[in-house]
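Asker: My request is simple: use the sequences and hints to build the entire structure.
Line by line, the protein sequences give chains A and B.
Going by the numbering used here, the residue at position 59 of the first sequence is 59; the numbering climbs one at a time, nothing skipped.
Going by the numbering used here, the residue at position 79 of the second sequence is 79; the numbering climbs one at a time, nothing skipped.
Each hint should be verified, as a subset may be incorrect.
[To be verified] Here's a subset of chain A near chain B, in silico, CB distances under 8 Å, partners left out:
no.: 1; residue: Thr34
no.: 2; residue: Gly43
no.: 3; residue: Pro44
no.: 4; residue: Leu92
no.: 5; residue: Gln100
no.: 6; residue: Thr102
no.: 7; residue: Phe103
no.: 8; residue: Gly106
no.: 9; residue: Thr110
[As the list claims (entries may be wrong)] Computed far set for chain B versus chain A, every beta-carbon distance over 10 Å:
no.: 10; residue: Thr13
no.: 11; residue: Glu14
no.: 12; residue: Lys15
no.: 13; residue: Gly16
no.: 14; residue: Lys17
no.: 15; residue: Val19
no.: 16; residue: Glu20
no.: 17; residue: Asp24
no.: 18; residue: Ser62
no.: 19; residue: Ser66
no.: 20; residue: Arg81
no.: 21; residue: Gln83
no.: 22; residue: Ser87
no.: 23; residue: Ala88
no.: 24; residue: Ser95
no.: 25; residue: Val115
[Claimed, not checked] Distance ranges between label pairs, derived from CB positions:
no.: 26; chain 1: A; residue 1: Ile8; chain 2: B; residue 2: Glu14; range: 16 to 24 Å
no.: 27; chain 1: A; residue 1: Lys54; chain 2: B; residue 2: Glu85; range: 39 to 47 Å
no.: 28; chain 1: B; residue 1: Ser5; chain 2: A; residue 2: Gly15; range: 14 to 22 Å
no.: 29; chain 1: A; residue 1: Ala66; chain 2: B; residue 2: Val116; range: 33 to 41 Å
no.: 30; chain 1: B; residue 1: Lys57; chain 2: A; residue 2: Pro40; range: 24 to 32 Å
no.: 31; chain 1: B; residue 1: Gln41; chain 2: A; residue 2: Ser23; range: 16 to 24 Å
no.: 32; chain 1: A; residue 1: Arg77; chain 2: B; residue 2: Leu39; range: 29 to 37 Å
no.: 33; chain 1: B; residue 1: Gln84; chain 2: A; residue 2: Ile8; range: 39 to 47 Å
Think of the hints as simulated: they come from the structure by calculation, not from any bench.
From the three backbone atoms N, C-alpha and C, an ideal C-beta is built for every residue, glycine too.
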Amino acid sequence: LAKTTQPISMDSYEGQEVNITCSHNNIATNDYITWYQQFPSQGPRFIIQGYKTKVTNEVASLFIPADRKSSTLSLPRVSLSDTAVYYCLVGLSFSGSARQLTFGSGTQLTVLP
Amino acid sequence: GAGVSQSPSNKVTEKGKDVELRCDPISGHTALYWYRQSLGQGLEFLIYFQGNSAPDKSGLPSDRFSAERTGGSVSTLTIQRTQQEDSAVYLCASSPSSRPSGNTIYFGEGSWLTVV
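Answerer: What follows is the structure in structure tokens.
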């Protein structure tokens with residue numbers, strides 16, 4: 001199982017760019033890297049997913065180096081509403097076959113005014 | 001349905017009682033996952049299903065916990081003789097069988113269980 005390691009918490013100010021890095025040294029060849037956002041009292045919500053290099057969507061970018069042993073979620077110009085826990089997940093694969101998917105401890109991002 | 005649906009959304013039960021939590025995945029999703037999240041904690045993997053089969057039950061905390069899935073759709077998580085430490089949010093997620101570019105799991109809003 002791919003184990004992930006993230007910082008426990010981060011603080012930022014409104015309007016800043018926030019980068020959260022996740023380490024996953026034993027990522028498997030077929031594994032994708034997926035990031036989720038979770039607000040209190042809600043289920044996790046998909047943010048972005050990638051396999052290598054860079055992926056960008058309307059809310060975030062994901063940077064993955066060539067060795068794929070880490071990934072960085074980048075949130076541009078955060079606002080107070082981005083305060084949440086962010087989870088990195090490794091293990092969703094091409095085939096889609098179910099398997100045990102273990103989340104890391106997550107990073108509590110607090111955006112300050 | 002449009003998303004993963006879980007019921008009940010909230011359940012308060014007395015210690016020692018049995019509870020059943022239901023998950024209705026997104027239509028057509030063959031993979032289904034159960035997680036538990038205690039207050040202020042991360043996501044604890046419990047069990048997953050591929051179709052109706054659960055290849056790995058090692059995440060279930062004890063033999064008081066069981067889960068089944070029928071018809072490749074609805075799943076039920078049962079907790080027997082509930083204990084106070086079972087109090088948590090139980091989250092269900094589902095994902096489609098295969099996609100050309102990776103896969104994504106979609107979570108429900110959870111069932112909040114309080115054992116008193």
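Asker: Output the numbers, in ascending order, of every earlier hint that fails for this structure.
Answerer: 9, 24, 26, 28, 29 and 33
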